[in-house]
Amino acid sequence: MQENGIDIDRLVRQYGSLVLKQAYFYLKDRHKAEDVCQEVFLRMYKKQPQLPDEQSEKAYLLRVTINLCKDVLKSAWHRRVTPMIEGYDAPHPQNGPEADAVEREEKQLLYEAVLNLPPIYKDVVLLFYYHDMPTGEIAKVLKIPEVTVRTRLMRARHRLAEALKGRLQDET
Amino acid sequence: MKLEQFREIADETLSDLVVDERLVFRIHRKACAQPAKKKARVPRAAALFAAACAVVMLLSGGALLYGGGLRAPQAGAAPDISPLIPHNSAVSTLSSSVETSKFIDGSTLSYGVEEVGAYSEDGYAPARGTNGLYGYVDRDSVWVVPAMYETAETVVDGKAAVTVQGAVQIIDVP
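Those protein sequence lines, which keep their order, are chains A and B. Going letter by letter, the first sequence gives residues 2 to 173 in the working numbering. Going letter by letter, the second sequence gives residues 330 to 503 in the working numbering.
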């Protein structure tokens, strides 16, 4: 399906999972994330934006995903229904059962703490730590100054450190 | 525990959250149903061009035929009617051996038609693709519903029962 300049099938296959996960981080619900994922690609197909490279495509898709997720979160239905976050359940056969349990618990805490951050902090943390975007690129995606991105990142780290009560190591 | 671990943790937690074929086709179908702004202009121009060509061919063809300058198509040779084909009714190029086939909007799918069931009055039939899943084809064996269902029943009044992950659903065909 490339007759309009945008190969929607390639975009879905290349960025679908990335968009789906980004939507899940906000909505914490698979079905809603799938709906948003579908809407993101349909909007891109309708708008036909001129995106010169893959970096621009990714940035565009993430921006639309974030905006749509925030729209969903604002909707009356979503405010009445609170979804459950899926737990961390990765096996660690090399450790003992106690060490395993502690590690799993810590990872679960970190995962939940990030997903429970207020949206303005979650935006920057996800783009920086999950999508490996530099702060300049994040500023373009969120349409905010780069210095604001850095400030939000710093505040997000402080919030996470408080939420995790000293478990989080200061890495940067 | 470092914040850099978040990516690894999230990927492990959401390892099964991937875009499957069903979602790909859902997006594909929706995109076909809602063509982009630019798309609407192309078929109109093509239709006008095709209509103009048809008129010219009819007018000049008669004279040429009368003078013996244009031979009638030979038996078995497919006439070149491509300018006259509406944009949403692609001509079938399928056989049971091909691995790719066309979708109703003219795009290609990565699997062919393996077996076709009974046609309904509407002209659609359930068909098994070479990917092992079922969808619906028209009389030209062009996919009108991609092969993405575990089972597919005969179309009745534009609707059909299909199975998705063990659950029966009623869908519109096409």
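Don't take each hint at face value.
[Said to hold, decoys possible] Derived, one-sided and incomplete: chain B residues facing chain A with beta-carbon distance under 8 Å:
{"#": "1", "residue": "E333"}
{"#": "2", "residue": "R336"}
{"#": "3", "residue": "A339"}
{"#": "4", "residue": "H357"}
{"#": "5", "residue": "R358"}
{"#": "6", "residue": "Q494"}
[What the hints assert, rightly or not] Derived DSSO-like pairs (lysine-lysine); straight-line CA-CA distance at most 30 Å:
{"#": "7", "chain 1": "A", "residue 1": "K166", "chain 2": "B", "residue 2": "K359"}
{"#": "8", "chain 1": "B", "residue 1": "K331", "chain 2": "A", "residue 2": "K144"}
{"#": "9", "chain 1": "A", "residue 1": "K71", "chain 2": "B", "residue 2": "K359"}
{"#": "10", "chain 1": "B", "residue 1": "K431", "chain 2": "A", "residue 2": "K47"}
{"#": "11", "chain 1": "B", "residue 1": "K431", "chain 2": "A", "residue 2": "K141"}
{"#": "12", "chain 1": "A", "residue 1": "K59", "chain 2": "B", "residue 2": "K488"}
{"#": "13", "chain 1": "B", "residue 1": "K331", "chain 2": "A", "residue 2": "K123"}
{"#": "14", "chain 1": "B", "residue 1": "K488", "chain 2": "A", "residue 2": "K33"}
{"#": "15", "chain 1": "B", "residue 1": "K488", "chain 2": "A", "residue 2": "K47"}
{"#": "16", "chain 1": "B", "residue 1": "K359", "chain 2": "A", "residue 2": "K48"}
{"#": "17", "chain 1": "A", "residue 1": "K33", "chain 2": "B", "residue 2": "K359"}
Don't read these hints as lab results, they were simulated from the structure. Don't be surprised by glycine CBs; every beta carbon is placed ideally from N, CA and C.
What are the numbers of the hints that this structure violates, sorted from low to high?
-> 5, 6, 7, 11, 12
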